[in-house]
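Heads up: the sequence lines are chains A and B, in that order. The letter at position 145 of the first sequence is residue 145 when you use our numbering, and the numbering goes up by one with no holes. The letter at position 35 of the second sequence is residue 35 when you use our numbering, and the numbering goes up by one with no holes.
In case anyone wonders, no lab produced these hints; they're calculated from the structure. Possibly wrong hints are sitting among the right ones.
What the hints assert, rightly or not - Here are the computed distance ranges between Cβ atoms for each label pair: (1) B:Asp75 with A:Glu76: 24 to 30 Å; (2) A:Pro167 with B:Asp90: 50 to 56 Å; (3) A:Pro29 with B:Asp109: 39 to 45 Å; (4) A:Ser248 with B:Ala133: 35 to 41 Å; (5) B:Ala76 with A:Arg89: 55 to 61 Å; (6) B:Asp109 with A:Thr347: 52 to 58 Å; (7) A:Glu155 with B:Ala133: 25 to 31 Å; (8) A:Glu55 with B:Asp109: 22 to 28 Å; (9) A:Glu76 with B:Ala76: 28 to 34 Å; (10) B:Arg177 with A:Leu236: 25 to 31 Å.
Claimed, not checked - Examples of chain A residues lying across from chain B (beta carbon under 7 Å, computed): (11) Pro59; (12) Lys104; (13) Pro111; (14) Ser112; (15) Thr113; (16) Leu115.
Unchecked claim - Partial selection, computed: residues in chain B whose CB lies under 10 Å from chain A: (17) Leu106; (18) Pro110; (19) Phe112; (20) Gly127; (21) Val131; (22) Asp135; (23) Val139; (24) Ile160; (25) Asn165; (26) Gln169.
Positions of the beta carbon are idealized from the N, C-alpha and C atoms, including for glycine.
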Amino acid sequence: MRSLLTITWKDLRLIARDRAALLFLVLVPFVVVTVLAEALAGSDTGSLLLPIVNEDHGPVATVLIEALSEHAHVVEVDRPEAERLVAGRKIAPAAIVVPEHTSKRYLASRPSTLLLLTDPAKGAAIGAVKAYLLLADRKAAEIADPLAEELLVMEERNVTGSRSSIPPAEQNVPGFSVMFVMMGVLFGVAFGLHDEREWGTITRLRIAPIPRLALLGGKLLARFLVGLLQLVLLFLYGHLAFDLSLGSAPVALALVMVAVVFCMTGFSLLVAAFARTREQVIPLGLTVIMIFCALGGCWWPLYHMPPWLQQVAQLGFTTWAMEGFHDVILRDRGILDVLPGVGVLLTYGMLCLAGGVRFVRLDPA
Amino acid sequence: MPIRRSVLVLVLMLAPALCGAAAPEDAVTAVKKTLEAALEVVRASGTRDEKLVSLRAVARDMLDTRAMGRRAIGDALAAQPPEKQAEFLDLFDQVMIRAYLQKLLLFRDPRFGYRAPQTKGDAVIVGTKIVTATDDYHVDYEMRERDGRWVATDVIVEGISLTENYRAQFASLLRNRSFEELLDLMRRKMRPVHEEPM
């Protein structure tokens, strides 16, 4: 018993010696639980942005807008702005066009077609919009002819691509692929560097006629190539097993993949630099992976989160990675369309690399 | 004496026509009175249900829903036993009043405008418009004099006659369904109204 307690005390002292690892161990669950709880709290009522193009300007449009405002954040805009919010800025899952003379047709018991401009990449939110529209239609039906046929008919038009619905696999496969590749690259880079330090092999490499940048660059390039291969294989598997679309522009997809893995590699070096010991790598690595994946939309669509968290999420490269994949896979975007996102990812990666190179320690442990 | 009698007969024959000459203005007055009464109800305090009850009474005062119902269903009604005819006309009254009020209630605090009445056979068409900030909505009332008062025998919304609209719907329904099925459909559609205080 005494020896057992002695060993326990010795181990506790060892754990307490690495204050940072201890801190991560205690803090990580709190941080992750908080972030996940906030993310899963979902969009509160009314936070869903719903642009409405009111070409009717009549009482039916007024009733519809009032009814929809009870469930979503309705903004009245013109048609180009509505398309920009859905397809350009991608901050609204759908926009509703109430055509001219809807009220007059409604009063005369003649049906009108409401146009629903959608971004199928936001399938669940579009489902919510359709449900809200049904509720509004029911409200409108209270003022309609009780015997008449359906007076408000809905026509859905995808303004971001050619498809009208997106299977769940097309959200999940890229999201989990990003997560697992990130795990591989981050732990690979961080453990690789720490192992070299702890094994003392870093000393051999440092005394060899190899510049510091070449040493780091070589190690990172290896991880980058492994990560890229892993990502390509996961997408191919998703394509074959789950019918994951690879978009209509393979070069654009390749460009996004390269930018994403490059960014991950730079980010991994930065995380490795901040983990002062091998023990710190796991809690620190898991924390950033979980937070970045949760916020970046790898586990669930970004629009499921509260608006303020969606804003915060823009700081994470995973958000840009997922947006890039969604642009190519779900929205059929081409090279020119993904270039801004690719630019952000490459810049993000460069900054992380610079920070990592500056702070990473290559001296023996 | 025969001349006097002839004059009397002529006067008696022309009387309705002479009355009719002044009648269009009375028809407009009847419509105005109804719409203003409806507006008063809408603006008064009270719950939606209380207002609906009052509005139904106001609308029923002007709309001759029995005439509209007979016109809408056409010859099919005559073939039915009296109790079915009565039930149809009762249900149609509810359908029509509800449809009319629901259309009227679509507008928040409406302003009404009136056009000069037009005589069409034995009817007077009273043209009204609901004026909103962005558009005008035309609602014409086909008015006929019945038992010394003016009643609407049709309402034409934006050029579409409500009676004709129902006529087309009934004709379409009766092509595939029986009169009893039509009654059943109307009963089901009007169930919430049956439950409301009339």
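Evaluation of the provided hints:
1. B:Asp75 with A:Glu76: 24 to 30 Å: 49 Å, violated
2. A:Pro167 with B:Asp90: 50 to 56 Å: 53 Å, holds
3. A:Pro29 with B:Asp109: 39 to 45 Å: The hint (39 to 45 Å, Cβ to Cβ) is violated, given that proline 29 of chain A and aspartate 109 of chain B are roughly 58 Å apart.
4. A:Ser248 with B:Ala133: 35 to 41 Å: With a Cβ separation near 47 Å, serine 248 of chain A and alanine 133 of chain B fall outside 35 to 41 Å, so the hint is violated.
5. B:Ala76 with A:Arg89: 55 to 61 Å: Taking Cβ atoms as reference, alanine 76 of chain B and arginine 89 of chain A lie about 57 Å apart, which means the hint holds.
6. B:Asp109 with A:Thr347: 52 to 58 Å: About 56 Å separates the Cβ atoms of aspartate 109 of chain B and threonine 347 of chain A, which means 52 to 58 Å holds.
7. A:Glu155 with B:Ala133: 25 to 31 Å: For glutamate 155 of chain A and alanine 133 of chain B the Cβ distance comes to about 28 Å; the hint holds.
8. A:Glu55 with B:Asp109: 22 to 28 Å: 23 Å, holds
9. A:Glu76 with B:Ala76: 28 to 34 Å: For glutamate 76 of chain A and alanine 76 of chain B the Cβ distance comes to about 47 Å; the hint is violated.
10. B:Arg177 with A:Leu236: 25 to 31 Å: 57 Å, violated
11. Pro59: 4 Å, holds
12. Lys104: 5 Å, holds
13. Pro111: With a minimum Cβ separation of about 12 Å from chain B (threshold 7 Å), the hint on proline 111 of chain A is violated.
14. Ser112: Violated, because the Cβ-Cβ distance from serine 112 of chain A to chain B comes to roughly 12 Å (cut-off 7 Å).
15. Thr113: Violated: closest Cβ of chain B sits about 18 Å from threonine 113 of chain A, beyond 7 Å.
16. Leu115: Since chain B brings no Cβ nearer than about 20 Å to leucine 115 of chain A, farther than 7 Å, the hint is violated.
17. Leu106: 4 Å, holds
18. Pro110: 9 Å, holds
19. Phe112: 14 Å, violated
20. Gly127: 15 Å, violated
21. Val131: 12 Å, violated
22. Asp135: For aspartate 135 of chain B, the interface hint holds, since the closest Cβ of chain A sits about 6 Å away, which is under 10 Å.
23. Val139: 8 Å, holds
24. Ile160: 4 Å, holds
25. Asn165: 5 Å, holds
26. Gln169: 6 Å, holds
In this structure, the hints that do not hold are numbers 1, 3, 4, 9, 10, 13, 14, 15, 16, 19, 20 and 21, in rising order.
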